[in-house]
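**Q** Given the structure of chain A, go ahead and fit chain B onto it with the hints provided.
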Amino acid sequence: MNKPIRTISLFCLVLFLALMANVTYLQYWKASSLDNDPRNRRAVDASFSQQRGAILVGQNQTPIAKSVPSKDQYLFQREYTRPLMYAQITGWYNYFNAQSGSCSTCQRRIEQTQNDVLSGDDDRLFVTRLVDMLSNKEPVGGNVSLTIDPKAQEAAYNGLKNVLGPSGEGAVVALEPRTGKVLAMVSLPSFDPNKLASHDLSQVTKVGDSLDNDSSQPLLNRAIQTTLPPGSTFKIVTAAAAIQDGLYTKDDLVPGGATYQLPQTTGDTGLVDNEGRDCGTGRIPFAQALENSCNTSFAHMAIEVGADKLREQADAFGFDQQYFTDMTPQATSVFPDDANEPQTGQSGIGQYDVRATPLQMAMVTAAIANDGKVMRPYVVDEIQSPEFEQIEKTQPETISQAISSSTASQLTDLLVSVVDDGTAYEAKIPGVSVAGKTGTAQTGTDAPPYAWFVSFAPADDPEVAVAVMIQKAPNVPRGEIAGGALGGPIAKAIMEAVINP
Amino acid sequence: MSVSFGPSNPLLGFVHRRRRGAELFLLVLALAVGVGAYAAVGVGVEDTVPADLFGYGGWLAGLIVAAHLVVRFVAPYADPVLLPVVAALNGLGLAVIHRLDLADDTHFASRQLIWMTVGVGLFIGTLLLLRDHRVLTRFTYTSGLAAIVLLLMPMMPIVGTSKRGAKIWIEVGGLSFQPGEVAKVMLVIAFAGYLVLHRDALALAGRRVLFVDLPRGRDLGPILGMWLVSLGILVFQRDLGSSLLFFGLFLVMLYVATERAGWLVVGSTLFVLGATAGYFAFGHVRERFEIWLHPFTYYKTGDASLPSSDQLVDARFGFGWGGLIGRGFGGGDPQLVPFAESDFILSSIGEELGLTGMVAVLLMYGLIVERALRAALISREGFGKLLAAGLGAVIALQVFVVAGGVTGLIPLTGLTTPFLSYGGSSLVANWVIAALLLRVSDLARRPIPDLSSDDEDADESATQVIKVAR
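Protein chains in written order, with our numbering: chain A, 1 to 501; chain B, 1 to 470.
Hints in this document: simulated from the structure, not taken from any laboratory. Incorrect hints may appear among the rest.
Listed below are several chain A residues computed to face chain B (Cβ distance under 7 Å; list not exhaustive) [said to hold, decoys possible]: (1) Pro4; (2) Asn22; (3) Asp35.
BS3-like mimics (lysine-lysine), calculated; alpha carbons at most 25 Å apart, straight line [claimed, not checked]: (4) A/Lys206 - A/Lys66; (5) A/Lys161 - A/Lys137; (6) A/Lys195 - A/Lys206; (7) B/Lys300 - A/Lys3; (8) A/Lys66 - A/Lys393; (9) B/Lys300 - A/Lys30.
If you want the footprint, here are the derived chain A segments under chain B, 3+ residues with CB under 8 Å [said to hold, decoys possible]: (10) 5–19; (11) 25–33.
This structure is a prediction, so every number in the text was calculated from the model and none was measured. Positions of the beta carbon are idealized from the N, C-alpha and C atoms, including for glycine.
Here chain A stands alone, though its shape is the one from the complex:
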């Protein structure tokens, strides 16, 4: 009977080898793909219990999001120190979005886009992780330092809040023209990320549902996700195209007049007027046309430049593209395709189908301040180790040379005169030369108009470019909604915060 027993031994050996091979496959080769399964509660629990890195702003590297020890079932609680002011930038971190990559279509803010760094899983933190493992310490996430200037952010938030009141809607973006750093980004209404980061999941679901169902859409980051007609602020693009094309210089006379009948149209629908502002007759100085925001002049100039060139110019500034990767999704600002002459005329004054995000208009302004170079906007300044050592710093990147440096300087002069002598006077800062442009976009017959304001300062050595967009200001009477009156003071406060820290 020994021969079959030996055969059985071999058979058992095969059984055990198969078990060991399978368990090795499972625990060695398959392990990381199992850990990355979004349905794996262990991975979610672990990343949720971990001490996550902080999100820092400003010279003092003040944390605006940090993990503090918690006494409940998880070891750490995410805490947002200025919740409403920074909510649109930080986003929130809770049990439902703790797993990286669990939702690629959802809104992803710094907590999500920088999750690998904050959780410590990023390859750039490999050495730190290794040291932690060897010294038997609990791994700690890396820190993310933002480009946000806390003073500018505060000025933007408070300024916008004052104008909008408790139920208004609007957004502000401030950029550093030379680099593309986002110095401030505010969108109202805001929300409290602390409530969404709670460990009480039913509470989180309740708050999340009520935010989702809120008709004012507090979860929307209007600075990058809302496109609206930019109105008169788009005249900067039209002017840039005209100067860049060689049609005019800043000292030339441009078409003026109280009304302008768009080509191929008759009657009121095709008639452009200036709502009573002085735009002369015949030909007027370029500066006057911009100072008084003459619709007739720019509609006419847009047609002279032509739809194709105007669109090319808009695209050179960043329209019809995606360029912002630190937060997603980003709405694409659009300039209409194949516009005919009357449509081109309307587009030239920022109406018809032209749509822009506040970030896009800030980029247009920043490009003029930066000798015509459009910089890629970014929010993440530095990746840091848990010990706050710099691991990687974002390098500024030029997207395009939208206009020549000479065009840029001519536009700067024109825009300075708009602040000094024109509609944008609200943004004047004593002792500093400021360039700016107002905009009030009609939305239709019933709804109140959108108010815009763009500016940069100091004009000779720009440090900050701002775009303010007021979508809905219920506290302001409809007749008083104008870019200069509403947006000017906000822009001024932000510029002052940056220039005089």
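**A** Okay, now just chain B, sitting in the frame of chain A:
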């Protein structure tokens, strides 16, 4: 392999040493595993050494020393490796169950310690009462009948209860009991007794078809009977694992007894037929198969009409989470897997002790099987060979079925993991298996008495010599 055929050839004059000192040394290591794991659980989960460490360790040490002393006196030549491996597995299982208790606020570990005490008691009792395992041949038909009664009991109206879809439990006065675990020991004894008597008839008669010796039609009776019993378990008790275990066990023993591969061909064909028929006839078999093939499709679907692979996938996540060296006791979440303390205890070990711990546990099972088959090889008579080989096969098959099911190598079937899983009937039955294996190896390794007048033994060794020469 000289050791294995040495004693069968008295001319070589090889005499096994007792090796009780080695066993004691290994037992100290096994105790270190059990008590160390218990302490590690306390440190890992509660950050303190358990307050009852000395009481617990003392109890465990007492059981182990008692078992060792009895082996030393009544089975002095018994295999020195088996008892330490069994003790280490049992100790590790207790620690893991204790760890799950801390997570779930249950009290399985203390009950398991009581069951271990009962198990060691039966182990000692078996060794003391059963001085020669051949006595068991007298109970061939009795234990066969008892096994069938035990297997049928869960289907009886008052005592039988159904848990997790399998009718393999009986409940008397609040105590639940898995009779299948005891039945498997009974079946091995019955098969061994039957086959040692009828092996010649089964082995010699038959026809040769395509290089395979097929058995005679009338000899197919017992194999068909066993096949029907296995199918019955599958159909009426919905227990795929036990059905596979019993039929596989029977085939292995038939093959060892008759040395004819033809039985394996016939048996495997029957099993495949039965399994295929089961697949098409029974929804629960199909479901098991389906979630084995596509576990992630059926994970947390929230659809009650679909089969659920939650347990399987949660265990899979646990294994992945453990990785190479594991999370350490207290570092994982093994309690996320339903029934982690019984059927899925291996996933707890995989998660917290890692691949290293899993391979160590599998190697320990491998050692038990190897030691059992070695005892079968060196045993000088047919009944001992069949008994040891059968018991070894039971453990090998059971470990393969449960570990393969938990790790996704084969479809999942509900079986306990020997010595590790929480469960009284399983633990007690396995301790008896250990005692029987020690008894067989003790007689096999014992020096041959000078005057041997036992005809059967003489025949046996003569046969052996011829075979080795061949």
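**Q** Among the hints numbered above, which are violated by the structure, and what are their numbers in rising order?
**A** Hints 5 and 7 contradicted; others consistent.
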